[in-house]
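Student: Go ahead and model the full structure; you've got the sequences and the hints to work with.
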Amino acid sequence: MATAEAKVPAHPTLADANRDITRPIAMPEKRFYLVLGVAAAGLALMFGAWFYQIGAGIGVAGITHPVFWGVYITTFVFWVGIAHSGTLISAILYLFRSGWRTTINRTAEAMTIFAVMTAGLFPLIHLGRVWYFYYLMPYPSQRQIWPDFRSPLVMDVFAVSTYLTISALFWYTGLIPDFAILRDRAKGWMYKIYGAFSLGWQGTVSEWRHYRRIYLYMAGIATPLVLSVHSVVSWDFALSIVPGWHSTIFAPYFVAGAIFSGVALVITIMIPLRWAFGLEAYITENHFENMAKLVLLTSLIVGFSYGTEFFLAYYSADPIEIESFRWRALGAYALPFWVMVFCNVVVPQALWFKKVRTSLPALFALTIFVNIGMWYERFVIIVTSLAHEYEPGGWGLYTPSWVEMSILVGSFCWFFFWFLLFSRSLPVISIAEVKEHLAHEHAHAHGDDDE
Amino acid sequence: MRTHTGMTMSSGVLGQYDTLPGTLDAIARLRDAGHRDIEVFSPIPSPEIEEAMDIHSSPVRVWALTGAITGCTLGVLLTAGTSLAYPLVTQGKPLVSLPPFVVFMFELTVLLTGIFGLVALLVHTKRPVINLDPAYRTSFSVDRWGIFVPANGEGTAAAEALVRETSAVDVEVQG
Chain A
8 MATAEAKVPA
18 HPTLADANRD
28 ITRPIAMPEK
38 RFYLVLGVAA
48 AGLALMFGAW
58 FYQIGAGIGV
68 AGITHPVFWG
78 VYITTFVFWV
88 GIAHSGTLIS
98 AILYLFRSGW
108 RTTINRTAEA
118 MTIFAVMTAG
128 LFPLIHLGRV
138 WYFYYLMPYP
148 SQRQIWPDFR
158 SPLVMDVFAV
168 STYLTISALF
178 WYTGLIPDFA
188 ILRDRAKGWM
198 YKIYGAFSLG
208 WQGTVSEWRH
218 YRRIYLYMAG
228 IATPLVLSVH
238 SVVSWDFALS
248 IVPGWHSTIF
258 APYFVAGAIF
268 SGVALVITIM
278 IPLRWAFGLE
288 AYITENHFEN
298 MAKLVLLTSL
308 IVGFSYGTEF
318 FLAYYSADPI
328 EIESFRWRAL
338 GAYALPFWVM
348 VFCNVVVPQA
358 LWFKKVRTSL
368 PALFALTIFV
378 NIGMWYERFV
388 IIVTSLAHEY
398 EPGGWGLYTP
408 SWVEMSILVG
418 SFCWFFFWFL
428 LFSRSLPVIS
438 IAEVKEHLAH
448 EHAHAHGDDD
458 E
Chain B
2 MRTHTGMTMS
12 SGVLGQYDTL
22 PGTLDAIARL
32 RDAGHRDIEV
42 FSPIPSPEIE
52 EAMDIHSSPV
62 RVWALTGAIT
72 GCTLGVLLTA
82 GTSLAYPLVT
92 QGKPLVSLPP
102 FVVFMFELTV
112 LLTGIFGLVA
122 LLVHTKRPVI
132 NLDPAYRTSF
142 SVDRWGIFVP
152 ANGEGTAAAE
162 ALVRETSAVD
172 VEVQG
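Listed in order, the protein sequences are those of chains A and B. Count along the first sequence from 1, add 7, and you get the number used in this note's numbering. Count along the second sequence from 1, add 1, and you get the number used in this note's numbering.
If you're looking for bench data, these hints aren't it; they were derived computationally from the structure. Any given hint could turn out to be false.
Interface residues of chain A toward chain B, partial, derived using beta-carbon atoms under 8 Å [claimed, not checked]:
(1) A22
(2) N25
(3) F165
(4) T169
(5) L206
(6) Q209
(7) T211
(8) S213
(9) R219
(10) V239
In silico DSSO-like pairs for lysine-lysine, Cα to Cα no more than 27 Å straight-line [what the hints assert, rightly or not]:
(11) A:K194 to B:K127
(12) A:K199 to B:K127
(13) A:K199 to A:K300
(14) A:K194 to A:K37
(15) A:K300 to A:K361
From the three backbone atoms N, C-alpha and C, an ideal C-beta is built for every residue, glycine too.
Tutor: Structure representation (structure tokens):
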């Protein structure tokens, strides 16, 4: 890996962009393998705990009556939320022609794919008997029994798998010209591998012509998709009659929360990545400031949604709904609730100050708070509602077991394991898009000179 | 390998340029001189080059639309078809309940639009290929633009002279 000491020109040329962005791929370093080793150890912990659960039965997890959805579903929703930043930054900002997305979209897209891969594990883990997962798939069986297409859980299977597929296609399409750059710099078997993934790309006018159109269409279809996926996830809850869940604001509330946590994690990851790979000329303070503004905006939406939930409970005059929310704030799970409010509503208010938005250490710390808060948000929504439903006789508390906590910790290692492999084998910034941006900047600069 | 108009790229003149404006100027000059079958290599996506070469629409949009219609139809068939094939009333809803089924239609529409789009890219760019074109240079993926003018026999010298008149930083005769 390159380090912060690597010399990066202040005004890079197209050739500089090729060299600087591909540099980390060609520079192995011990500390990379050390971090990868830590992630692999976490992976071993996760799979060890999961296999133990498969062998011993789902009873080793803390979920039991009345809280049958616990850490596994909380973490599933958390990772699906994280996955939203990639497509938001790539597709929506692409359609809005936001030039600042070019240096962060590749990393954000990679995050999306690895986060969906992580999220996808949790319904399987939660099943207990994981080998029955195919019951959710629409396959023609002898008895002609099909999934219930009126169920939001089946919608979830379709939404998440479509999101993974489209995100991967979108990511790969964007990578094709960069694979050609890597191919042209590589030798031996790496030349063959990058050559195969580049599909023989040569940058002819005909290739670019079709490529630009299809990239635009993919951005166009990914935009409603990203909004639909977390809406569908929210309907897993909102279409039930559990107090605290049965609400019409859930879809926009979940989408805003997803963007909030996703962009926060992009910032958390990009800050050390920028330093480690010496990419200061490409990922500037301006990029971080723009992302920080997005975090502040979505924090306000999320904070407003928290307030709206309480107001709706009060305004409904339904004693069960009112009690559910009173207990959420003041009951047995008051601590997670107030951690959530502090991390997601209070802490991000610091982003009103430009000094905070442009201070990378402050942003790094703040976004970690946001992600802790967003995990707690899902925990509070899921667990407090189930623990305190209609009948006092059916109330109960839930404590996660060591198996659930090991799998939760391991899920972060699983995510970072894939991310680390990505950062060493592919450009973390879209070279073709950065070069397009640089070429236009240079053309404008020369135009201004001429004038 | 063929140019975008279908001409083979076995012999001709290759000019390399280090700026986009220089490339655009060369394209205009070559086209004015009657060379309409040139191939252009570019390190970046450039709508200006497409405009200079009078290329506008791309047929991939038809593929995307076909994928969208196929996906939506598949969504209807999968949800309504299977509900009618095994008629079991659940959740007190009609067998064909459009509101929940719309989610599946939408997801499959998006899914097949994306897949058809990528296939269209491969079909229309005639990819994947194993061997790169003889006119391709690795500098085209770094910071240079290339213009290949197909020519043979006596036409080669005239094409070379024309390319040299432009701002080409390097000129090669091929074949």
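Student: Starting from the hint list further up, note which numbers the structure goes against and sort them upward.
Tutor: The structure conflicts with hint 13 only, although it agrees with all the remaining ones.
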